[in-house]
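Novice: Here the protein sequences line up with chains A and B, keeping their order.
Each residue of the first sequence is one higher than the one before, starting from 65 at the first, in the numbering used here.
Each residue of the second sequence is one higher than the one before, starting from 11 at the first, in the numbering used here.
It should be emphasised that the hints constitute simulated quantities derived from the structure, not laboratory data.
Just to be clear, a hint being listed does not mean it is correct.
As the list claims (entries may be wrong) - Think about it this way: if two alpha-carbon atoms lie no more than 27 Å apart in a straight line, the pair counts; the simulated DSSO-like pairs of lysine-lysine are:
#1 K17(B) x K86(A)
#2 K86(A) x K144(A)
#3 K17(B) x K144(A)
#4 K158(B) x K89(A)
#5 K186(B) x K158(B)
#6 K158(B) x K182(B)
#7 K165(B) x K186(B)
Said to hold, decoys possible - Chain B is nowhere near these chain A residues, computed Cβ spacing over 10 Å in every case:
#8 A74
#9 T95
#10 G101
Nothing here was measured: the structure is a model prediction, and the numbers come from that model.
Glycine included, each C-beta is placed from N, C-alpha and C at the ideal position.
The residues making up each chain are set out below.
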Amino acid sequence: MENSIYLDEARDPLIIAEGWMKDGKDVAIATVVETWGSAPRPVGSHLVIDADGNFHGSVSGGCVEGAVVTEAIDVIGSGKARMLEFGVADETAWQVGLSCGGRIKVYVERLG
Amino acid sequence: MDPYVLKTLNAERRARRAAILVTDLGDGRDRIVREGDPVAGELGAAIARAFRTGNSGSVEAEGRTFFLNAHLPQPRLVVIGAVHISQALAPMARIAGYPVEIIDPRTAFATPERFPDVVLHAEWPQDVLARQPLDSYTALAAVTHDPKIDDFALKAALDARCFYVGALGSRKTHAKRVERLLALGASADQIARIHAPIGLDIGAASPAEIAVAVLAQTIHAFRSRGLEAKGAVA
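My request is simple: use the sequences and hints to build the entire structure.
Specialist: And the structure:
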């Protein structure tokens, strides 16, 4: 239900990340930390990723999730956080850019 | 992210308590700040702002860059009284981002036909609020005109530090209500928080106009709320 006053436990990325952690999985958390222009998801939005590439949530509504998942698997391996930047000016714009013309910065870190 | 920090954050969110996750983007260290926790300096000011607005963002402080992710509970509005005003208020408030629940033990009023798509409890406020307690991210508007129904809920809203408490009725009606609430054990400071007569003074006349005035006052109370918990709750 829209505007529910309770957490949607089945779809909430941070709740899912906690559940994965309890199941003993390795997890990365990606967070939108900055946006410029028209960006599909607000600052603070999360995508959570496990080592097998399963993911929940979104940082861009589908435009760059694929690239973030790939980076996240590296971050799970190395344990070193990364700051990713996506925008239409990117040379890879047509593969993983934001077609809406905005730019976003995404912080990817390992849980634990 | 520290696993313990994630667990703590989720526990706060499940309990409908505001929390901010503060991450140092330089070294990745993070911690949870709860509403009312003292944090000094520029970082403290930015955290206070984030609690008020609910906006997340980066802040430069102490030569470092911190990301503040603000997790505020969804604000909501509980209306005591399934009356004409509530029929207009429920859809308007939902559109504005304040989901509504209506409580009225009078089963002739609290019918799904009169209130489609609204969470409706045809029960006494005592019973509903015992199951689903009020909290500081809840607004309460008492609009039945009936002390038997309104008074308990008003006292409960004051005790739960609801961010908005409004009660329908003239100044004369309210003066009598104040006496009753004092007798119920409410303090004068608590009672002073009640907005009565209810609603912003926009000269509202019809039930729908009164609903606009109540919604506007609710929004104003939410957006201008200070960190009242500061110091008051240990």
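Novice: Is it true that the CA of K86(A) sits at most 27 Å from the CA of K144(A)?
Specialist: Roughly 22 Å between the alpha carbons, so the hint for K86(A) and K144(A) holds.
Novice: Would you assess whether A74(A), listed as outside the interface, keeps its beta-carbon beyond 10 Å of every beta-carbon in chain B?
Specialist: Its Cβ never comes within 10 Å of chain B, the nearest being 14 Å, so this holds.
Novice: Verify the proposed pairing of K17(B) with K86(A), using a straight-line Cα cut of 27 Å.
Specialist: Judged against 27 Å, a Cα distance of about 10 Å means the pair holds.
Novice: Take a quick look at whether K158(B) and K182(B) sit within 27 Å of each other, Cα to Cα.
Specialist: holds, 17 Å
Novice: Does the structure keep K165(B) and K186(B) at a Cα separation of 27 Å or less?
Specialist: holds, 14 Å
Novice: Between K186(B) and K158(B), does the CA-CA distance stay at or below 27 Å?
Specialist: Given pair K186(B), K158(B) holds - Cα atoms ~13 Å apart, limit 27 Å.
Novice: Are all C-beta atoms of chain B more than 10 Å from that of T95(A)?
Specialist: violated, 7 Å
Novice: If we take the beta carbon of G101(A), is the closest beta carbon in chain B still more than 10 Å away?
Specialist: holds, 16 Å
Novice: Can the restraint linking K17(B) and K144(A) be considered satisfied, given a maximum Cα separation of 27 Å?
Specialist: The given pair, whose Cα atoms are some 21 Å apart, holds under the 27 Å limit.
Novice: Mind checking the alpha carbons of K158(B) and K89(A) for me, to see if they're no more than 27 Å apart?
Specialist: The given pair, whose Cα atoms are some 54 Å apart, is violated under the 27 Å limit.
Hint compliance for this structure: hints 4 and 9 are broken, all remaining hints hold.
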